[in-house]
Amino acid sequence: MSDTSHDLGGDTEIVTDSTDTAMPNSAAIRRFALPSLLGIATFLTPVKVDGNWTILMGLISDTGRDVVGAGMPWVVFALLCVSAIGTLYAMSIGRKRIVDGSLFARLFRVAPIWAALRVVGLAMGTMTLFRIGPEMFWSPATGGTVLNDLAVNIVPIFLFAGLLMPFLTEYGLMEFVGTMMKRIFRRLFTLPGRSAIDALASWMSSAPVGVLITIQQYISGHYTAREAAVIATNFSVVSVPFALLVAKTVGVDDRFPEYYVAVVLTGVITAMIMPRIPPLSRFEDRPYDQLHVLRETESTGGSVFREAVSLASSRAALALPLREQFRVASGHILDIWFGLVPAVIAVGGAGLIIAEYTPILGWLTAPMVPILEFFGLPEAAAAAPALIAGFLDMFLPALLGAGIESELTRFVIGVMSVTQLIYMSEIGILMIKCEIPLRFWHLLIIFILRTLIGLPIVMAFANWVVF
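According to the numbering used here, the sequence shown is numbered sequentially starting from 1.
Hints in this document: simulated from the structure, not taken from any laboratory.
Careful, some of the hints might be misleading.
Unchecked claim - Estimated spans, in silico, between C-beta atoms of each pair:
| id | residue 1 | residue 2 | range |
| --- | --- | --- | --- |
| 1 | V328 | L444 | 45 to 55 Å |
| 2 | A70 | A41 | 26 to 36 Å |
| 3 | A70 | L245 | 20 to 30 Å |
| 4 | I93 | R276 | 29 to 39 Å |
| 5 | L364 | V328 | 14 to 24 Å |
| 6 | G133 | G362 | 32 to 42 Å |
| 7 | G71 | L364 | 23 to 33 Å |
The beta-carbon is built from N, C-alpha and C at its ideal position, and this holds for glycine as well.
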């Protein structure tokens, strides 16, 4: 397998070992098709429950959360306690007792900044659960939101997504879709075709699930660092039900078809531009460890469908036994629980406190007001804070914009909050914590660029098509 450079704007690709494109036998196809169909049914097939659209994985996650019911905040609190206590033990008296390379070391031997976030997360979770300390830490708009809305949903989502994800990624579905879509995705987005699955998983399920798939594909050698960074920051779109919730919150749900067309149009155009400009264009096309033997290659002619089936069947033949896959997935789930949940509560809570109890957002956005007024956005002074609040939490712009009288402005804020994608209360922390080489300053610049690129598109669409 060679690691040669490739033209990011064309069809050429890092060359891997040649793969026999003869049509596999029926047994090999079944080994690919049956688990992959289960993955499609679980992650990518919409189902209607009680009048609302969701997916099977979301339904399982919601059911698990509802079964625990009022106990879910206590489950989160238990995770916070284990995370903080285990980390403090690993950094103090247990430093010499922990075996290098063990699961305990992986879970609790972390950098000082992450240790601090785990302790702060426990402190904020304790204040929120028991309603002690200053109200700004535990009010429904701050600590209550991150504990009772974000954290209680993150825990079951990552549990069931982690356990069920092998059916989506390990049995050839990514290879099949990637082969069929690679020319389109290379030309439009400079990405492998298999990234279509990441986008679909986000669209049908949730943005964290899409990022989780991207991380797994990067570690396994299917994406380079540049590709993983581009996919995570451009394709991790929130689900359609959440987009509808945002539209309802800002009061434009009666225009939801136009609203979602604006979301898709803005997202596609932005995803075409962002990989071709810094900072994403400066990421290296280098694998995490080594490139996978079945990484997409340039088509050598013949039937693309036959090639797709052949590659998918070859990938399914390499799949580990389910027990081993579930064992590996369990380690990843614990890592996310003990690392992401405290950070979400600490960072998300701090961001909401800044937005709710300080004038900082108003100060930061004051220079934006004349620009928004120049483009003709009504109530620009009220809209400006909402347009940058999304960096703290994706739902915050909708809350800040709900009281604005202008329907056009509320429409713009609602679309932008969904298409900015980078928000530190959940996705941002996950991206910084994972193996993809994204740093805080990358995310801040990408958020600003997505806002600058997306805002004229949304305003033009709103003025010329909707209103």
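Regarding V328 and L444, is the given constraint of 45 to 55 Å on their beta-carbon distance met? Given about 33 Å between the Cβ atoms, the range is violated.
Determine whether the Cβ-Cβ distance between L364 and V328 falls within the hinted range of 14 to 24 Å. 43 Å, violated
Outcome of range test on Cβ distance (I93, R276; 29 to 39 Å): At roughly 51 Å between Cβ atoms, R276 and I93 fall outside 29 to 39 Å, so the hint is violated.
CB-CB spacing for L245 and A70 relative to the 20 to 30 Å hint: Given range 20 to 30 Å: holds, Cβ gap about 22 Å.
Beta-carbon spacing of G133 to G362 - inside the hinted bounds 32 to 42 Å or not: Taking Cβ atoms as reference, G133 and G362 lie about 26 Å apart, which means the hint is violated.
If you check the beta carbons of G71 and L364, does the distance land in 23 to 33 Å? 39 Å, violated
Does the Cβ-Cβ separation between A70 and A41 fall within 26 to 36 Å? With a Cβ separation near 31 Å, A70 and A41 satisfy 26 to 36 Å, so the hint holds.
The structure fails to meet hints 1, 4, 5, 6, 7 from the earlier list, while all remaining hints are met.
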